[in-house]
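Asker: Protein chains in written order, with my numbering: chain A, 10 to 124; chain B, 9 to 121.
These aren't lab readings, by the way, just hints derived from the structure by calculation. Note that CB positions come from ideal geometry on N, CA and C, so glycine has one too. Hints should not be assumed to be uniformly reliable.
Said to hold, decoys possible - Listed next, the stretches of chain A that the computed footprint assigns to chain B, with coverage defined by at least 3 CB atoms under 8 Å from CB atoms of chain B:
1. 21-35
2. 40-50
3. 72-80
4. 86-95
Unchecked claim - Result set (PhoX-like, lysine-lysine): computed pairs, CA atoms no more than 25 Å apart in a straight line:
5. Lys25(A) with Lys79(A)
6. Lys60(B) with Lys21(B)
7. Lys60(B) with Lys47(A)
8. Lys23(B) with Lys60(B)
9. Lys12(A) with Lys65(B)
10. Lys79(A) with Lys12(A)
Claimed, not checked - Far from chain B by the CB rule (all over 10 Å, computed), these chain A residues:
11. Ile69
12. Ser83
13. Thr109
14. Pro124
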Amino acid sequence: AQKVTQAQTEISVVEKEDVTLDCVYETRDTTYYLFWYKQPPSGELVFLIRRNSFDEQNEISGRYSWNFQKSTSSFNFTITASQVVDSAVYFCALSEAPNTDKLIFGTGTRLQVFP
Amino acid sequence: AAGVIQSPRHLIKEKRETATLKCYPIPRHDTVYWYQQGPGQDPQFLISFYEKMQSDKGSIPDRFSAQQFSDYHSELNMSSLELGDSALYFCASSSGGTSGTQYFGPGTRLLVL
Chain A
10 AQKVTQAQTE ISVVEKEDVT LDCVYETRDT TYYLFWYKQP PSGELVFLIR
60 RNSFDEQNEI SGRYSWNFQK STSSFNFTIT ASQVVDSAVY FCALSEAPNT
110 DKLIFGTGTR LQVFP
Chain B
9 AAGVIQSPRH LIKEKRETAT LKCYPIPRHD TVYWYQQGPG QDPQFLISFY
59 EKMQSDKGSI PDRFSAQQFS DYHSELNMSS LELGDSALYF CASSSGGTSG
109 TQYFGPGTRL LVL
């Protein structure tokens, strides 16, 4: 069965610290997509990144980086030099497209960055 | 860039009333998705439409129905509202069918009293 686990419920850091959010997924499909979304206190869901199962290259975008490892079924997200504006709930999600439309979300990790 | 538009942004209803939520996808997006997010929970998939046809169905109650219109906007109709229906309802859209990235709207916050 498909499942996404975000074991860290809440993380608190001080500004400028680096922080890694963990995501472990389960799927029987060989083709799938992984996503990270950010949900700030205002409530909207903001797309951050998408990875397909055939692309294990790590990605860096500014202060954000993602590490995808199929061997451990993990798709971890690191924020370097965190800022107060990074405070939000971060969701990892799995899509088993094209077999299904739905995104399966993890339970989210609430990140609080203190000044 | 244009984003997904949802209306209304906030809605207060009484038990047993009906509600209609509207979603306007990003221009040229052909697929629309609906999700429900309860307080402190992750979003749960309800239903999706591709080219105006229902393409997938999740944990959507029988009291809810949805459709996608010829202009690609979608409406989620909710009847016999219950207290447990209070939640944030998101619409998302994508292009290229199910393999496209889902971009979410700001959500409609529904409160059932």
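Asker: Does each hint fit the structure? Answer for all of them.
Answerer: Hints and how they fare:
Closer than 8 Å: that is the beta-carbon criterion, and the stretch 21-35 of chain A has 0 residues meeting it against chain B, so the requirement of 3 is violated. With 3 residues bearing a CB less than 8 Å from a CB of chain B, the stretch 40-50 of chain A meets the requirement of three and the coverage assertion stands. Under the rule that three or more residues need a Cβ within less than 8 Å of chain B, the assignment of the stretch 72-80 of chain A is violated, with 0 such residues. Residues of the stretch 86-95 of chain A lying with their CB closer than 8 Å to a CB of chain B number 0, which falls below the three-residue condition for coverage.
Taking the CA atoms of Lys25(A) and Lys79(A), the gap is about 30 Å. The hint is violated against a cut of 25 Å. A distance of roughly 28 Å separates the Cα atoms of Lys60(B) and Lys21(B); the hinted pair therefore is violated under the 25 Å criterion. A C-alpha spacing of about 29 Å is found between Lys60(B) and Lys47(A), which places the hinted pair above 25 Å, so the restraint is violated. Between Lys23(B) and Lys60(B) the alpha-carbon distance is near 30 Å, which puts this suggested pair outside the 25 Å criterion.
For the hint linking Lys12(A) to Lys65(B), the alpha-carbon distance of about 18 Å falls within 25 Å, and the restraint holds. As the CA atoms of Lys79(A) and Lys12(A) are separated by approximately 15 Å, the hinted pair is consistent with the 25 Å bound. With a closest Cβ-Cβ approach of about 19 Å to chain B, Ile69(A) is found to remain outside the 10 Å limit, as its non-interface label requires. Listed as outside the interface, Ser83(A) is consistent with that label: its C-beta sits roughly 18 Å from the nearest C-beta of chain B, beyond the 10 Å cut-off.
Distance check for Thr109(A) against chain B: the nearest CB is about 6 Å away, which does not clear 10 Å, and the non-interface claim fails. The non-interface label for Pro124(A) is consistent with chain B: the shortest C-beta to C-beta separation is roughly 25 Å, beyond 10 Å.
Hint violations for this structure: numbers 1, 3, 4, 5, 6, 7, 8 and 13, all remaining hints satisfied.
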